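**Q** Counting from 1 along the sequence shown, just add 786 to a position and that's the residue number in this note's numbering.
These aren't lab readings, by the way, just hints derived from the structure by calculation. Quick caveat: nothing in here was measured; it's all calculated off a predicted structure. A portion of the hints provided could be inaccurate.
As the list claims (entries may be wrong) - Calculated pairs, DSS-like style, for lysine-lysine (alpha carbon to alpha carbon, straight line, at most 30 Å):
| hint | residue 1 | residue 2 |
| --- | --- | --- |
| 1 | Lys-875 | Lys-848 |
| 2 | Lys-936 | Lys-875 |
| 3 | Lys-848 | Lys-799 |
| 4 | Lys-936 | Lys-799 |
Claimed, not checked - Per label pair, the in silico range of CB-to-CB distance:
| hint | residue 1 | residue 2 | range |
| --- | --- | --- | --- |
| 5 | Asn-826 | Leu-1021 | 16 to 26 Å |
| 6 | Leu-896 | Pro-862 | 46 to 56 Å |
| 7 | His-949 | Pro-862 | 38 to 48 Å |
| 8 | Tyr-802 | Gly-902 | 39 to 49 Å |
| 9 | Asp-993 | Gln-895 | 45 to 55 Å |
| 10 | Ile-910 | Pro-862 | 48 to 58 Å |
| 11 | Ala-827 | Gly-912 | 37 to 47 Å |
| 12 | Cys-903 | Leu-1012 | 20 to 30 Å |
| 13 | Gly-810 | Cys-903 | 40 to 50 Å |
| 14 | His-829 | Glu-994 | 39 to 49 Å |
All residues carry an ideal CB built from backbone N, CA and C; glycine is no exception.
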Amino acid sequence: MARRQRKTPMVRKTNYGQLHHALGPQSVLSEDNVAQIHENALHVLQELGISVLLPEARELLKSAGAQVQDHMVFFPCEMVENALETAPKRYFMRAPDSAKDQDIFLGRQLFASSGGCPNAFDRIRGRRPGDLESYREAIQLQQSFDIIHKLSPAPEPQDVPIHLRHLAMVETQIANADKALAIYARGRAQVDQMFELIQSALGLSDDEFHAAPYCSTVINTNSPRLIDNPMAQGLIDF
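Could you put together the complete structure from these sequences and hints?
**A** See below:
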């Protein structure tokens, strides 16, 4: 019986680590619909306002042109429009391995695992509260796929005391992966500690660390029109 010929290994044509949209943005809504949504958003920000609980954040917004009444902040339309115009159109998210840096701009596709989930699940152990072992496994799994571009802070390791958990999560990411890091913004002290840990682990000078983003976070409003203290502090710190 003739030996089966060995197939030539397939050459990968797609660079899954740096993906781009093959098509332009799809016009799901008409230009009039988009304009109306924008006008409604400006109305909410200028006339109805947002409750900002952190005094430091209110002072910064006031100095930038917002109107402040007690804990409510009202954003003039021109302030919002100027912020949109001056926002960076492109930036690099740095990773521990420079080959995993992400060039962020319109048309890039960026994939990451979801964050915030408290539980883990697999076929062997079933559903269970997140722990440090499950988190390490999740990070290793994310590291193994080229198409996962940045890491995720989930499932949260609930077996680590809350005052140490943020450090354990960053340490686990750095020890088991070399992709862009992700952290939680849960107060200035924790953010400062994680920044210091990342800078030290990557051997960065102060100038290098402040010149580019080496991690990301998620800022959520507590309701559509409320920003609490930790979220406001996260916005300032980042």
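**Q** List, from low to high, the hint numbers that the structure doesn't satisfy.
**A** 3, 6, 8, 9, 13
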